[in-house]
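Fit chain B to the given chain A structure using the hints.
Given next are the chains, with one letter for each unit.
Number of protein chains: 2
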Amino acid sequence: MEIQWVALDWGTTNLSAYAVGADGMIVDQVHNDMGMSQLTSNEFESTLVDVIGHWLHADRVAPVLACGMVGAHEGWRDAGYSDAPCLPVDRNTTVCVPTSDPRLSVRIVPGVCQRQPEDVMRGEETQIAGYLAKNPNFDGVFCLPGTHSKWARVANGEIRNFTTFMTGELFSLLTKHSVLRLSTASSGWDDDAFLAGIKAAMSNPDRLTAQLFTSRPRTLLNGTPNEVLKAHLSGLLIGTEIAALREMWRADDVVIIGDQENARLYKTALGAFDIRSTVYNGAQAIIDGLRPLAKNFVQEPEPV
Amino acid sequence: MEIQWVALDWGTTNLSAYAVGADGMIVDQVHNDMGMSQLTSNEFESTLVDVIGHWLHADRVAPVLACGMVGAHEGWRDAGYSDAPCLPVDRNTTVCVPTSDPRLSVRIVPGVCQRQPEDVMRGEETQIAGYLAKNPNFDGVFCLPGTHSKWARVANGEIRNFTTFMTGELFSLLTKHSVLRLSTASSGWDDDAFLAGIKAAMSNPDRLTAQLFTSRPRTLLNGTPNEVLKAHLSGLLIGTEIAALREMWRADDVVIIGDQENARLYKTALGAFDIRSTVYNGAQAIIDGLRPLAKNFVQEPEPV
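Protein chains in written order, with this note's numbering: chain A, -6 to 297; chain B, -6 to 297.
If we strip away everything but chain A, and leave its shape as in the complex, we get (with noise of 0.2 Å):
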């Protein structure tokens, strides 16, 4: 197996790594669930060692290029922030982690900042900058949904502004350790309920803390069945999300970026407020993002 260089994708519950071959094609992948929370910051050598250790070679230097919490400052190394507005991802602000390992060179990518309103991403800078590198006269509306969702206004190449939602994690909490648990625990799902819940949030996105707890009593009067509330909720909560930005998305398209279930519920929910999106993959978006850095390290041909 010829490996050209590394992707990782560390984010703070999850691990990514991706073998990139001489061709530019992905030859090898891992996926585990050391994220940056199970590790002290002198774990995530032997870690990384662990996980890729199979494609190394003793006469070699892997490039490996990372993005997302791996970054933070309770992360391996921290790699700082650059300040919106900015390039999504520069090749000459990654930052080097020295290792004890010889056949690894670890390079980290900044996150993004936003002083007013406050805000921080780590991570999807880099799939923004991998949608760039396919599409660079892209100006437009990125959309990445996830346990914090950013939609990020990009121009000229840059990440002009951007906002983050806690849509996914409120959708954990809310069905895992709030009252909502009894009545939306459920392996089912209901498409008219999710979309009911979308354009409820529609009509009255400021009642999200009222319309959340509907969920209760249409269990305890009607026997609401938990898949339709379950569904509901996510709805609602996509909903408000969309609601909140007709602003920046107002004249244009979205681009969204994720896993497939999750650009799935949202091309979903878009299309309910008439807006039209296209889906790019979450994990392809982070190896074109951090390509145009491996050719620092090597000669990687173009993918064919």
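It should be emphasised that the hints constitute simulated quantities derived from the structure, not laboratory data.
Ideal Cβ placement from N, Cα and C applies to all residues, glycine included.
Errors might be hidden in some of the hints.
As the list claims (entries may be wrong) - Sample of chain B residues at the chain A side, in silico, Cβ under 10 Å:
1. D21
2. V44
3. D83
4. C106
5. T140
6. F158
What the hints assert, rightly or not - In the SDA-like style, the derived pairs of lysine to any residue whose C-alpha atoms are separated by at most 25 Å in a straight line are:
7. A:K192 - A:R269
8. B:K169 - A:S30
9. A:K169 - B:K192
10. B:K192 - A:N197
Coordinates of chain B only, in the frame set by chain A:
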């Protein structure tokens, strides 16, 4: 100690018991965490005897009047709901609970439900009844802050409609279980930050899920102290709740029924919206709401 009857506020997480004397005054009280969620249906009686046994006499039957989640389907006995519009408490609908201990005669007050939009309360109806017992001609709006804050419109002695907000539970989830716990863990408080949170919510009540997140970047970028961010978070949640109810409290004074700390916060928040409010103690409201029912059992003199 001469006890005429016992008032129980038996909720999901806590039990409060009050011994009411011959003069109508509270002669003793017990508070513990033996809430409904800790107990199976056959443990309620023994728990009650453990808690109030020292108030009971072998040769007398003590009337015990209870409200709260003790009357839920998962409680001691399902006391059902009265359908709003309705009297908050109706002596004809209380539910008798059979006991094996001959010293007890237990009745539970039903909750109140609303069919459209679906909503439920258990315990707050008794507090509203308590205020109305003292102010029988009151028409207006009640605010009952807590884990699930309730706002109720009352006219002609009846609850007309009401709305529940998850404010208290969201504050607890976010400060204990979310990424924001890292930015809000503090025993301190900052009144100015609380007011700033209220005003931020007032300006953008539809952006709550984005505004909540700002605590995290304010820590990371500015080193804002945790007590500031905790109070700001509380202001955001309470401010969003009040902003959503503009229609409800327009032209009305508000009666806040709650504990001292919640009442102080909500009175401050309502003041920021230029809404006048009066405060009525939550525990006193329970006792005043149950007192008329006790008269079915005992000839209790009016308190002086």
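We went through each hint and held it up to the structure:
1. With 10 Å as the threshold, the beta carbon of D21 of chain B stays out of range of chain A, its nearest partner Cβ sitting at about 32 Å, so the hint is violated.
2. Given the 10 Å rule on beta carbons, the hint for V44 of chain B is violated: about 25 Å separates it from the nearest Cβ of chain A.
3. This hint is violated: D83 of chain B has a C-beta 19 Å from the nearest C-beta of chain A, more than the 10 Å allowed.
4. Because the beta carbon of C106 of chain B sits about 6 Å from the nearest beta carbon in chain A, less than 10 Å, this interface hint is met.
5. Given hint, T140 of chain B at the interface with chain A, holds; its Cβ is 8 Å from that chain's nearest Cβ, closer than 10 Å.
6. Given the 10 Å rule on beta carbons, the hint for F158 of chain B holds: about 5 Å separates it from the nearest Cβ of chain A.
7. Our distance criterion of 25 Å between C-alpha atoms is met by K192 of chain A and R269 of chain A, whose separation comes to about 17 Å.
8. In summary, the hint linking K169 of chain B to S30 of chain A is supported, as the alpha carbons are separated by about 16 Å, within the 25 Å threshold.
9. In summary, the hint linking K169 of chain A to K192 of chain B is not supported, as the alpha carbons are separated by about 31 Å, beyond the 25 Å threshold.
10. Of the supplied pair hints, the one linking K192 of chain B and N197 of chain A holds, its CA atoms being roughly 19 Å apart against a limit of 25 Å.
The structure does not agree with the numbered hints 1, 2, 3, 9 stated previously, though it agrees with the rest.
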